[in-house]
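Reassemble the complex: the two chains are provided individually, in unrelated frames, and hints are given to aid placement.
As you go down the protein sequences, you meet chains A and B in turn. Quick note on the UniProt record's numbering: the first sequence kicks off at 1 and runs consecutively. Quick note on the UniProt record's numbering: the second sequence kicks off at 1 and runs consecutively.
Think of the hints as simulated: they come from the structure by calculation, not from any bench. All figures in this text were calculated on a predicted structure; none of them were measured in a lab. Among these hints, one or two may not hold up.
Cβ pair distances, simulated, as ranges [said to hold, decoys possible]:
{"id": "1", "chain 1": "A", "residue 1": "L92", "chain 2": "B", "residue 2": "R91", "range": "45 to 51 Å"}
{"id": "2", "chain 1": "A", "residue 1": "W189", "chain 2": "B", "residue 2": "G40", "range": "40 to 46 Å"}
{"id": "3", "chain 1": "B", "residue 1": "Q49", "chain 2": "A", "residue 2": "V194", "range": "30 to 36 Å"}
{"id": "4", "chain 1": "B", "residue 1": "A48", "chain 2": "A", "residue 2": "A178", "range": "18 to 24 Å"}
{"id": "5", "chain 1": "B", "residue 1": "Y81", "chain 2": "A", "residue 2": "R198", "range": "23 to 29 Å"}
{"id": "6", "chain 1": "A", "residue 1": "L55", "chain 2": "B", "residue 2": "Q49", "range": "32 to 38 Å"}
Just so it is clear, CB atoms sit at the ideal spot from N, CA and C, and this is done for glycine as well.
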Amino acid sequence: MFWRKQKAAIERFHPLHRALTLEKGFAVSLRRDDWEPVIQSLARHRTEIRRRRWLLPARVPGVLVPMLRIMASDMRPDGVLSVAADVRGPRLPEKTGPQYDVPVQRPVLSMKQWYAMDPWLRMRAELRDGSVLELSVTDRVRYRRRRKRNPRGKIKIKTKTKTTHLVRVTRRLAKDTAVQRPGTPPPPWIRVQVKQGRRMMFRANGKLPGPLGEAELIDRILHVSTEPFRWTPPGRAMGRTTT
Amino acid sequence: MNRCTVTTGFFVLGRCGQQAVASCPQCARPVCAAHAGPGGLCSECATAQGYTNQDPHHPSWTGGFRRRYYQSSSHAYRDTYWYSSFDEYDRGAFNPGDDYSHGGDWGDDDTGFVDS
Numbered sequence: 001m002f003w004r005k006q007k008a009a010i011e012r013f014h015p016l017h018r019a020l021t022l023e024k025g026f027a028v029s030l031r032r033d034d035w036e037p038v039i040q041s042l043a044r045h046r047t048e049i050r051r052r053r054w055l056l057p058a059r060v061p062g063v064l065v066p067m068l069r070i071m072a073s074d075m076r077p078d079g080v081l082s083v084a085a086d087v088r089g090p091r092l093p094e095k096t097g098p099q100y101d102v103p104v105q106r107p108v109l110s111m112k113q114w115y116a117m118d119p120w121l122r123m124r125a126e127l128r129d130g131s132v133l134e135l136s137v138t139d140r141v142r143y144r145r146r147r148k149r150n151p152r153g154k155i156k157i158k159t160k161t162k163t164t165h166l167v168r169v170t171r172r173l174a175k176d177t178a179v180q181r182p183g184t185p186p187p188p189w190i191r192v193q194v195k196q197g198r199r200m201m202f203r204a205n206g207k208l209p210g211p212l213g214e215a216e217l218i219d220r221i222l223h224v225s226t227e228p229f230r231w232t233p234p235g236r237a238m239g240r241t242t243t
Numbered sequence: 001m002n003r004c005t006v007t008t009g010f011f012v013l014g015r016c017g018q019q020a021v022a023s024c025p026q027c028a029r030p031v032c033a034a035h036a037g038p039g040g041l042c043s044e045c046a047t048a049q050g051y052t053n054q055d056p057h058h059p060s061w062t063g064g065f066r067r068r069y070y071q072s073s074s075h076a077y078r079d080t081y082w083y084s085s086f087d088e089y090d091r092g093a094f095n096p097g098d099d100y101s102h103g104g105d106w107g108d109d110d111t112g113f114v115d116s
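Bound conformation, chain B alone (with noise of 0.2 Å):
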């Protein structure tokens, strides 16, 4: 099954896992329902793209807020490492193949219930 690598969660990060339904025309990565932005972009093309929702109440919120807010962390804690580890972790799911892309740590996300 083509299972969707959309990063989840904000401290505790995973992949989403559900069933893709469609590639991202950007990157190629596949993207489940739920994770299909505009045009069928995936969450962070879309954000790189400037599609990012400001709005918390909003499903996607968590997705575009949590680079911002590790990288805010990073800073003020002086710690290098917590920023690159979750950058590494979120870049991993555009590597398929490399220790972080796949592995077993699959969230849990069969329900309606969106995060990025």
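For reference, chain A alone in the conformation it holds in the complex (with noise of 0.2 Å):
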């Protein structure tokens, strides 16, 4: 019996941390609480794991963990926060697009060019202010594929692509909380978008060219976060709202 040892390790693992681990993934409502177990669970991984196909990617603790952290920080007790986790990667059939032709010039005989969608993260996390805020986090890869004549005539296949991470955030304020515009635009790469009512809304969509490393990643991610918390600034204590 191969892997023994670390097929009895993942046994013990938590049951989120094992379907990471062997599916790749999960999706889950638990309470703030209930997510410190499933955290720690993930600490133990490296320790305890190190055949290839059941490492977990580097965005499992470079980005998930600490959102997970982030998350339930701004949470009561008995908040709920969800999380959609895909870890699988773009490459798989149904989060590929249709292929078309793109116009070539010689010596590239012909280029076929496909995107795939990979929303690999989505999170809905009711904060303690009375706010719910979701995040969800898309890679949008582009592949293109070409064949091309080099002077000898041999025919040679080049793929090629282009990673660019979608970042969206929506936070919904509890019933007429006041807000504050804030003193200055956000970033050019970041769009903004505010609904108005009792529970006003604030969308900020983020489009930031990659692939990136996590840390990098998270630090974007957090930066298009912050604009819908811009209008009620952190320093205003929550239920002392003003103008």
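Here it is as structure tokens:
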């Protein structure tokens, strides 16, 4: 029997951690404090698992765990945090769009292009100020496969990819929360939509040329997430809102 | 009751509000059992002495990361008010009696989940 000790270690993991290891994803809603055992279980992964097939992608400890910590820190104990994580990657038939031909010039004989959309992280958190935060991170990967003939008549096929991270953060405020328009506009790569009403809604969209490393990606995700919170600055304590 | 005044939260800030069990030997403010760091230091004094935790799996990671995030996001948005409003709130815990020190914004951290 191969990998006996590591299989036993996986059996001891939290069920969500086990699903992330074996099925590369999960979608679940839990109360805030129920996420702590999941995080503690994930912390043991690197020391207990070495088989390549069962290793977690770097975005799990690099992005998923920090986002769980950050969301949970803004929630009440009875608040529900929903997470749908899918770390299978973009090379799956269900994530791939249709292929189409792109005009080419010699020496390129033909070129096919297609996109893959990989919504690998979606989160929804009920925050302690009564607002609801939704976050989604989608990798849009452009594939270009081209056939070209070199001067000696050989035909070669090359495939290039280009990744763009699409980050969308939506915050729906509690009823009748007073807001204050930020003094400066967001950076040009962030687009903001504001929906008026008793429960105001802010949506920030960020388009990030990638692929980015985990440290930079978490920074950029947090920068997009900042915009909906700038309308209710952190220095203003909860329940003491003014315009 | 003497309450722990450590800042909690990330985007939505609050105070811990748990019953304090000790005073920080550095700044003398009350801290609860969950927020008392090495040598009984509060999280801010522990950070100032270099006891920050870089591992996001650790419950105290958010508290150490928070100030760095506010600095970088304030820079990205060119919004000094964004950082100063956080800074005022965070420092308010050291000035008992001012507008930021108390006032009904206690977090509901009555479970073992500690974020700073």
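Quiz item: For the pair A/L55 and B/Q49, does the Cβ-Cβ distance stay inside 32 to 38 Å?
Solution: Given about 35 Å between the Cβ atoms, the range holds.
Quiz item: At the C-beta level, are A/W189 and B/G40 separated by a distance inside 40 to 46 Å?
Solution: This hint holds: roughly 44 Å between Cβ atoms.
Exercise. Take a look at whether the Cβ-Cβ distance between B/Y81 and A/R198 falls inside 23 to 29 Å.
Key: holds (26 Å)
Quiz item: So does A/L92 sit 45 to 51 Å from B/R91, Cβ to Cβ?
Solution: Cβ of A/L92 to Cβ of B/R91: about 49 Å, so the range 45 to 51 Å holds.
Quiz item: Measuring from beta carbon to beta carbon, are B/A48 and A/A178 in 18 to 24 Å?
Solution: The hint (18 to 24 Å, Cβ to Cβ) is violated, given that B/A48 and A/A178 are roughly 35 Å apart.
Quiz item: Quick one: are B/Q49 and A/V194 within 30 to 36 Å, going by C-beta?
Solution: violated (43 Å)
In summary, the structure is inconsistent with hints 3 and 4 from the numbered list given earlier, while agreeing with the others.
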